[in-house]
Amino acid sequence: MTIDESETNPPSDHTLGWIGESISYFPTFFDDPYDTTDFSGDPFWAHTDTLDQELIDNGFNCFDTNLSTAAAAATTSATPTSTDSIASDQSLPLDLRKKRKLPDDSCPKTPKKNTNQRINEAEKEGTQQKKPTGKKGNKSTGNSNTNGNTKEGRWAEQLLNPCAAAITARNPSRVQHFLYVLHDLASLTGDANHRLAYHGLQAVTHHLSGAPTSNFSSSSNTFASNSPKFFRDSLIKFNDINPWFRIPNNVANTSILQILGEQNQPTNLHILDIGVSHGVQWPTLLEELARRGGGPPPLVRLTVVAPPISDDQSRNATPFTHGPPNYDFSSKLLTFAKGINVNLQINKIQNFQLQNLNSQVINSSAEETLVICAQFRLHDLNHSTPDDRTAFLKVLRSLQPKGVILSENNTDCSCINCGDFATGFTRRVEYLWRFLDSTSAAYKGRESEERRMMEAEAAKVLINMGEMNEREEKWCERMKSAGFIGEIFGDETTDGAKALLKKYDSSWEIRVEEKDGCVGLWWKGQPVSFCSLWKMDLRETL
Amino acid sequence: MAMVMDLDYFSDFNYSAIDSTTTTTTTTESTDEGCNWINDWSPVVDWESLSGVQDDFQELIDSMMDENATLHDQEYNKSSPEYNMSTDDEKETGSDGSGGATDDVKGLRLIHLLMAAAEALTGVNKCRELARVILVRLKEMVTPNDGTNMERLAAYFTDALQALLDGGGKPFHGGAVTEHHQSDVLAAFQLLQDMSPYVKFGHFTANQAILEAVTHDRRVHIVDYDIMEGIQWASLMQALVSKKDGPPGPHLRITAVSRGGNGRRTFGTVQETGRRLTAFAASIGQPFSFHQCRLDADETFRPSSLKLVRGEALVINCMLHLPHFSYRAPDSIASFLSGAKTLNPRLITLVEEEMGPPSEGGFVGRFMESLHHFSAVYDSLEAGFPMQDRARALVERVFLGPRITGSLAHIYLARGNEEGYPWGQWLGAVGFRPVNISFANHCQSKLLLGLYNDGYRVEVMNTNKIVLGWKSRRLLSASIWTSQDSDL
Numbered sequence: 001m002t003i004d005e006s007e008t009n010p011p012s013d014h015t016l017g018w019i020g021e022s023i024s025y026f027p028t029f030f031d032d033p034y035d036t037t038d039f040s041g042d043p044f045w046a047h048t049d050t051l052d053q054e055l056i057d058n059g060f061n062c063f064d065t066n067l068s069t070a071a072a073a074a075t076t077s078a079t080p081t082s083t084d085s086i087a088s089d090q091s092l093p094l095d096l097r098k099k100r101k102l103p104d105d106s107c108p109k110t111p112k113k114n115t116n117q118r119i120n121e122a123e124k125e126g127t128q129q130k131k132p133t134g135k136k137g138n139k140s141t142g143n144s145n146t147n148g149n150t151k152e153g154r155w156a157e158q159l160l161n162p163c164a165a166a167i168t169a170r171n172p173s174r175v176q177h178f179l180y181v182l183h184d185l186a187s188l189t190g191d192a193n194h195r196l197a198y199h200g201l202q203a204v205t206h207h208l209s210g211a212p213t214s215n216f217s218s219s220s221n222t223f224a225s226n227s228p229k230f231f232r233d234s235l236i237k238f239n240d241i242n243p244w245f246r247i248p249n250n251v252a253n254t255s256i257l258q259i260l261g262e263q264n265q266p267t268n269l270h271i272l273d274i275g276v277s278h279g280v281q282w283p284t285l286l287e288e289l290a291r292r293g294g295g296p297p298p299l300v301r302l303t304v305v306a307p308p309i310s311d312d313q314s315r316n317a318t319p320f321t322h323g324p325p326n327y328d329f330s331s332k333l334l335t336f337a338k339g340i341n342v343n344l345q346i347n348k349i350q351n352f353q354l355q356n357l358n359s360q361v362i363n364s365s366a367e368e369t370l371v372i373c374a375q376f377r378l379h380d381l382n383h384s385t386p387d388d389r390t391a392f393l394k395v396l397r398s399l400q401p402k403g404v405i406l407s408e409n410n411t412d413c414s415c416i417n418c419g420d421f422a423t424g425f426t427r428r429v430e431y432l433w434r435f436l437d438s439t440s441a442a443y444k445g446r447e448s449e450e451r452r453m454m455e456a457e458a459a460k461v462l463i464n465m466g467e468m469n470e471r472e473e474k475w476c477e478r479m480k481s482a483g484f485i486g487e488i489f490g491d492e493t494t495d496g497a498k499a500l501l502k503k504y505d506s507s508w509e510i511r512v513e514e515k516d517g518c519v520g521l522w523w524k525g526q527p528v529s530f531c532s533l534w535k536m537d538l539r540e541t542l
Numbered sequence: 001m002a003m004v005m006d007l008d009y010f011s012d013f014n015y016s017a018i019d020s021t022t023t024t025t026t027t028t029e030s031t032d033e034g035c036n037w038i039n040d041w042s043p044v045v046d047w048e049s050l051s052g053v054q055d056d057f058q059e060l061i062d063s064m065m066d067e068n069a070t071l072h073d074q075e076y077n078k079s080s081p082e083y084n085m086s087t088d089d090e091k092e093t094g095s096d097g098s099g100g101a102t103d104d105v106k107g108l109r110l111i112h113l114l115m116a117a118a119e120a121l122t123g124v125n126k127c128r129e130l131a132r133v134i135l136v137r138l139k140e141m142v143t144p145n146d147g148t149n150m151e152r153l154a155a156y157f158t159d160a161l162q163a164l165l166d167g168g169g170k171p172f173h174g175g176a177v178t179e180h181h182q183s184d185v186l187a188a189f190q191l192l193q194d195m196s197p198y199v200k201f202g203h204f205t206a207n208q209a210i211l212e213a214v215t216h217d218r219r220v221h222i223v224d225y226d227i228m229e230g231i232q233w234a235s236l237m238q239a240l241v242s243k244k245d246g247p248p249g250p251h252l253r254i255t256a257v258s259r260g261g262n263g264r265r266t267f268g269t270v271q272e273t274g275r276r277l278t279a280f281a282a283s284i285g286q287p288f289s290f291h292q293c294r295l296d297a298d299e300t301f302r303p304s305s306l307k308l309v310r311g312e313a314l315v316i317n318c319m320l321h322l323p324h325f326s327y328r329a330p331d332s333i334a335s336f337l338s339g340a341k342t343l344n345p346r347l348i349t350l351v352e353e354e355m356g357p358p359s360e361g362g363f364v365g366r367f368m369e370s371l372h373h374f375s376a377v378y379d380s381l382e383a384g385f386p387m388q389d390r391a392r393a394l395v396e397r398v399f400l401g402p403r404i405t406g407s408l409a410h411i412y413l414a415r416g417n418e419e420g421y422p423w424g425q426w427l428g429a430v431g432f433r434p435v436n437i438s439f440a441n442h443c444q445s446k447l448l449l450g451l452y453n454d455g456y457r458v459e460v461m462n463t464n465k466i467v468l469g470w471k472s473r474r475l476l477s478a479s480i481w482t483s484q485d486s487d488l
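One line per chain: the protein sequences are A and B, in this order. Take the first sequence: its position 27, counting from 1, is numbered 27 in the numbering used here, and each next residue is one higher. Take the second sequence: its position 30, counting from 1, is numbered 30 in the numbering used here, and each next residue is one higher.
Treat the hints with care, since some could be wrong.
Think about it this way: if two alpha-carbon atoms lie no more than 25 Å apart in a straight line, the pair counts; the simulated SDA-like pairs of lysine to any residue are [as the list claims (entries may be wrong)]:
hint : chain 1 : residue 1 : chain 2 : residue 2
1    : A       : K444      : A       : L501
2    : B       : K126      : A       : K402
3    : B       : K106      : A       : T189
4    : B       : K126      : A       : K444
5    : B       : K126      : A       : A422
6    : B       : K126      : A       : T423
7    : A       : K338      : A       : R232
8    : B       : K139      : A       : L188
9    : B       : K126      : A       : D420
Hints were generated in silico from the structure; no laboratory data involved. As the structure is a computational prediction, the values presented were derived from the model and not from experiment.
Okay, chain B solo, but in the shape it has when bound (with noise of 0.2 Å):
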């Protein structure tokens, strides 16, 4: 119920400034007397029968009001659990009718404070008083580890705005946000596989594109943009050696792309995964190798760093989805995807988080673009994980706070930019071909979100795309593409 609701609020919710038109018609059929007047503005009103009709919007909301609910004597309580909202929500919701409505009038006034301090930051109101002014009020409201689904999406967004907020979002640029410790990353990575498909949907559909387009190779070399424990890697050694038939599997090669600069630790956890893939390719009898290729300084990728041997098909692997949570800056991944152009790979294995295209609403339009696609995510856990909220707040911590950072420093910098859309789009642009997606890889999807809650769906789009959504948001997406003539 939860969840759905907290789509709801997006449904409802047009924020921008420039449209007026889109209204909610839900009717109030059962208006509390005496309740609370934020019942007298709150979004199930039927905003629409006010536009162009009158000078001003009294009539309507004189019908609204109750004459009794003064305002002015209201005391402002604002943790009063009185936030009644007469909604069809909350008949269903029975006899926890009144806790649901109060979530979810709570979300909303999330929602508002958290736009209005995006606006804050930016646009023709900018006001940075205002923003911080908001921020502290949010902070009041939520915690990151505590509340409902929105309330603790609420806190992270809070969070990311107040370092955009002092730090202009620049520190993001590649920069370690927030540091975990190794264990609490392998857990919550653990944890999120079990949780959700996102990290299975994104290795397992590049798997099978590589291994479509190696059947006849007898060397490949893998170059992996972020490998990080490598979990993809044994998913595909496992299934080079379980081929039964025809000539005996390939030899292996795996480039990790490495940060560059002082990444000594990140050096030290890709060295580590790269002992235990081999440790595992020796134990299952894959022919194997394990090489770094460092990014320079500014996270810039030299195709000439990369050693290559002649007769190898070379795969161009990158993984930008939610668990490869060491946000990079764009440049990095444009210099490395335009970098593996020059290379002529066979394929490139791409997959990515879906957003809406840019909306004309700036950074605030795209600041909700985000909150509605991070608030899908979390409502995708919380169906994966119903009764674990100490599990999801670890994901949370660890994947998704920084991920949300990460998100907003980018939108918040590229804003007034066209920039930002998706790579697979790029990837077109400059002159990439879109290889299709096979049957049997759309058929293992379907197989593999079978496993997970009813509400994750797959598409495929253009051919070469395989999308992942929850309910009627698209979350993630998979595509491949070759720079070679010769058709797959």
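Next comes chain A alone, as it looks inside the complex (with noise of 0.2 Å):
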């Protein structure tokens, strides 16, 4: 029988047709040292081995290709082609990649360079955020869908959350496999993903050492490691960028003006301060006032309570809170509130428990408009077991003030009694995740060592033991409780945060509050926080 017979192969005079074809087809084929078109003199069929001798000397049937001195020269000659072959492995994916058609696939097309990315991500949304805009709902959902709030783009949650389930489950293999990953992932530039995985890689390794809260802090790079003067700057050139603080300052300074406004008679102003501006906020104030029909109040009285210092070390992590121990606002206020011809007094209360507040400590009096600020604080007071925040809140009630303005962060809270280490902890990294997504977008990518200090003191809430956030609601309810009741913002309050608010990334959105009429700051669809305006509900009786 010949090679003929087989029914699907050609007729034997296309045979050397079908070689011919193959040489083409093959151009390197025969240029081979391995051309094996000579059977019988290549080494490939030779059977001199000495294996083959032995082996067939045992009686067994055995076959072997004397191969070394072509084992030899193959090493020699692949050697060269070995890159051409690398560039046609990495060009298989490609192709793929413009075959799939993966709908759920909402990932932006990746590009090498994270931070490049975020560059471009970021400075696409710049340059959206010019155009006129037309309804706010409309640009913050599609961005929403497209800047990667979704489950999809956050990958560094998906590392850090798993890990601290690991934790609470007690499986160190997992917890060790989270944190070599996250080791190798993590960054301190780059996208929000990379700099989540670090602080979020640093705050579980911090959990894991047990060591106190204070040695976290004190050496990275927060507010209170830096110069007054860096510090001060940092800040506002942040609000300039990031709304974050911006906004619940501009509606708490309208809602003074407002409270002022409601007066009959021009009266001393008192504004008691227990938030994180740090001083930045009230420029603005003072100006307004200057600005004012009827000029400014006789005098302004700004009574600044300071952070108490805690003895307890893990609660003095309260981001924001704590700026550089010599940084001092005052001197510089007062001037500036002089060459305006504002009449300003400024008290500071250091180190004094935010619980043992009266009329006495802030020295108010009956004929002042008192305008209580507070802003990002009171989510450290205990909730429960003690419940410090209620017997403050009462606190406030009594020093009879005009208005209250509460901002906080709209979110759950991260303390032990509420949950348990896994159950915080992601809600820490939600909270810290909003901060650097949309500190991201604000210094469109770029690094520097302020948007380092910032995000490095907004991850302090990784670890601060006084996370005890609560939703909008619950805080309304307390109010209520301790004795306020719920106002309305004015028009002008709302329609002004939504003016200033336009001048920042878009995807950042104000939503009021129909129930409460809180004003909410939202990014990319989630809650950030929210601010609120009391007044004494006279009819109750304190």
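Two chains, each in its own frame: build the complex with the hints.
Take a look at the structure:
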């Protein structure tokens, strides 16, 4: 029989054609030292190996090929082609990528450098935001889909949260696994995910080490560790590009003006500042006061309640609260006030537990218009066993203020009484994600020391024991039970805030809560903070 | 040393998301003061002492943590050679210890990253973006052409995962993976033969079984699922004509199964193989004829497309192990083997990779199993050609890379299914009967391994299966079966 008999073979006179084609198809085939056209002479078919002899002598069937010379040649001949083939290796996935149709794949296409991607994205947002935009709701929903607020785009949490869950489940090998992976993806530069991984990894390692919180924060690049000037400049710059504090500050300022305007006769204004604005909030208010019809109040008193230093170090890590130790905005602010003819007086209450405030301490009188401005500080108060929070709100009520402006993080509690480590950690991480994501957009992906400081300060949230946040509704309940009634913000307040927000990234949005009239600040369709305005419920007698 | 360490990664490495009991208890004897904090959660840490003792891991970690090496000051210098591990391995490596330990840590990091990428592709916390980011990082860390075994291996696994991420694994169904130059393929094939017993182990074991099964036959017909260069049959012919006593050898007919559809190139190569075999048979006086049988376009095998002659002893030869790199879809293999059953063959010879049983870990578990498997293959190749990095790189590029890609595509597509048990088991389940491995056959494989590195082992399992292993890891198995009632 011959090869011709094969039913699938071409007739023999075509055989040469086949080979001819294969030659042209594989141009290198015959150039190679392994040219197999000459069967008999090729080492491929030789059987002179000692192995053969040995095995055949032993009565076993064996056939070996002696290729040692060929192999050596192959080693050299193979090398020049290796780069070509690598290139072709990589071309395959590219082809496939073109073909893929994955409706669930919402992640952006994949440039190698995340930093660049981030910059591009941010710049895109930057240009978008300059366009006159129509309905606010529309643009932000559009963004929330494309800018990676979905689970898909937030990959760092996909490592940090399971890691925290493994810690809670006491599964050391899983924890170890996530630590390895996080370590390789964490970076202080790059997009928000890499940064979140960095801060998250630090926090997890810190948690596992059991080291005191003070060790953590002291060596970090936080507010308190920087020079007063750098701190102040950075904070002002930040407020200029991220509305995180700017909107709550703005809402507070216009509300103060609103309350002042409601008074029947000109009175002294007394502001109790329990906040995190470190003074940068007030120049704009003073300007507004100076510009006011009828002139500024005879006296503007600013009583700043500095954050208390707790014996428990882990309670001193509330983000944005503690400025540099020798930072003092008083003299600058006083000079500024003098320049615009506002009669300003500043008192600073140091080292004072909030619960111990009273009229004597702040030296208030019935004649003045007292407005309490509490921003991002009260979530630090215990909300149960003991309920310091309600107690303090009652203290505020006892000060008989004409108005209270309360701004807080609109998120759930992360304390150990409200959930296990994993639950709390996940909430902290989510908070930090919003900060890092919005900050990345704010800095348009650019790296700077300022940005790093702001982010490291925010990252304290991951280890702070006092992250006892509550949702807006819960805060409102508390205020009501303490003897306050909610007040709707004036149109100028909400309109002013909305107008101001236009200067920021278009993923930000202001939503006015129907029920309690709170002004909510949202990032990519997720709540960040809320502002609320309260007056004394005069039916209550306290 | 390096290869031992590669294997050690896995013994130390507990990848199961469920299991938290496996731990290593190597003591850290000389803790370097000021060492990198990666030490603190390195696998040599006795994590077991943490489990269930207290609310968190604080005390233990506290005791290990160097207070000065605060991680916040750490600049996360990823290429830093400071990753030190005070392990016993380090002592063994002596002055070169720090380098070895660095490789060791890097290997571990790679495994963790690969596993995380596999988890991100599937499972409850599926996140394609995470998978993408991890793969970007892996590509920064490794290339297939350079570095330790683990690094090169990780590079191929990275590419394979990237393919799954981009294409969902589908395009690899029997498709041409990467087309290599034919010259590279031949060179790599020959190198593989020299470096390892993989090729010969399969071919010799199958051939010996065939010879034993057809001693009294005048005509033998072998249907070969993946003939490649046909080298297996040259050796069989050699054995047939070298029989010194008894009647003259049988007439040999070989039908090569070739890919259907657009496989013109494959067809051409098979044609070439046939021509070569025909010429070789003529040169040694072996009566021979050669045929081809195309698979259907979907790679299904139709028994009716085979030309059978009454009186022939029919042998089905199915080589699925390493050099047979043209990865074929399980459906195609199944159609071939079940089609073969209808032909009532005298003998079925099957060589396949040995993978662990389908683990409970789903895709990730099987992914890690596959990583473990190929890690052992890499180590064995390194032992075979310790100095020949370029030679190994060629073999890895031509055979292992596509094999890894195909293997992962397969387990990715099969995830969730219980499919994927070994073909040998499948043959038993569909009614083939095992044929005992002869003593001679067993001895032959032992002799064969004697020519290679000490690390190789053979063992006979279930009387009809012979397994080739590297160190403690089973790599390949050859099993022989029949569908006929008469005992051979």
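Okay, the hints, checked on the actual structure:
Proximity of K444/A to L501/A is assessed by CA-CA distance (about 17 Å); at most 25 Å being required, the pair is judged to hold. Taking the CA atoms of K126/B and K402/A, the gap is about 53 Å. The hint is violated against a cut of 25 Å. For the suggested pair K106/B and T189/A, the alpha carbons sit about 22 Å apart, so the restraint of at most 25 Å is met. For the proposed pair K126/B and K444/A, the alpha carbon gap of about 29 Å is over 25 Å, so the pair is violated.
A threshold of 25 Å between alpha carbons decides the hint, and for K126/B with A422/A the separation of about 19 Å falls inside it, so the pair holds. In summary, the hint linking K126/B to T423/A is supported, as the alpha carbons are separated by about 20 Å, within the 25 Å threshold. Proposed proximity of K338/A and R232/A is supported: the alpha carbons are some 21 Å apart, at most 25 Å. Between K139/B and L188/A, the direct Cα distance comes to roughly 20 Å. Compliance with the 25 Å bound is thereby established for this hinted pair.
The straight-line distance between the Cα atoms of K126/B and D420/A is roughly 24 Å, inside the 25 Å bound, and the hint therefore holds.
Checked against the numbered hints listed earlier, the structure breaks hints 2, 4; every other hint is satisfied.
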